[in-house]
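Chains as they are written, first to last, in the working numbering: chain A, 5 to 120; chain B, 321 to 431.
No lab work stands behind these hints: they were computed from the structure.
C-beta atoms are modelled at their ideal positions from N, C-alpha and C, and glycine is treated no differently.
Watch out, some of these pointers could steer you wrong.
From the derived model, a few chain A residues whose C-beta atoms are all more than 10 Å from chain B [claimed, not checked]:
no.: 1; residue: LEU47
no.: 2; residue: GLY77
no.: 3; residue: ARG82
no.: 4; residue: GLN113
On the chain A side, residues computed to face chain B include the following (Cβ under 8 Å) [claimed, not checked]:
no.: 5; residue: TYR52
no.: 6; residue: ASP60
no.: 7; residue: PHE69
no.: 8; residue: PHE111
no.: 9; residue: GLY114
Chain A residues, not near chain B, derived (Cβ > 10 Å throughout) [said to hold, decoys possible]:
no.: 10; residue: ARG17
no.: 11; residue: GLU44
no.: 12; residue: LYS48
no.: 13; residue: SER99
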Amino acid sequence: NAGVMQNPRHLVRRRGQEARLRCSPMKGHSHVYWYRQLPEEGLKFMVYLQKENIIDESGMPKERFSAEFPKEGPSILRIQQVVRGDSAAYFCASSPDRGGTDTEAFFGQGTRLTVV
Amino acid sequence: AQSVTQLDSQVPVFEEAPVELRCNYSSSVSVYLFWYVQYPNQGLQLLLKYLSGSTLVKGINGFEAEFNKSQTSFHLRKPSVHISDTAEYFCAGGSNYKLTFGKGTLLTVNP
């Protein structure tokens, strides 16, 4: 059973371009979470999605950022018109359900975005 | 605001020595507490979690942590470390999906 797969592992974008980060959850998992780790900071929650639904996007910046988790295919975190401050590691996690006391969110290896 | 503080950004130790990685949380953080480990070029892996019950929690790879409500701490310990324990360790608190993470502690085990 493969773990949470994120691609690309490293992404370089020029200012103003779009960045698309992909996350394939573990098999059987229908809940996906995105976190961002800025340099010298801990991971910060961005958004929680189920298939075709955004459950909680309280951690998403109000502009330029969007996320989706379609019925088929991976979850996508999209950043439009990237700026240098978007440079960070973006982690995706998945779980089989929202997370009762016995469930655990499994994390991917992250995508390291560098904006030049 | 919720916060989780890891007091040491780097901890160097020698192999077979004991280690303690410190973590304090704000009282507003839900008392679900976790320690994750990130080995080089890998994703975060859950080491252990405290949800309720016994304040001493045992995890994988010989690690354990103690929940101390009066000191709002959840320090991670291992009595004897190995070279392979070299990694970054993250303390986190909150509900299972909305976690607040500390900045991480880089544990380096030297021969």
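Going through the numbered hints above, which ones does this structure break? Give me the numbers in ascending order.
Violated hints (numbers, rising): 1, 4, 7, 11, 12 and 13; every other hint is consistent with the structure.
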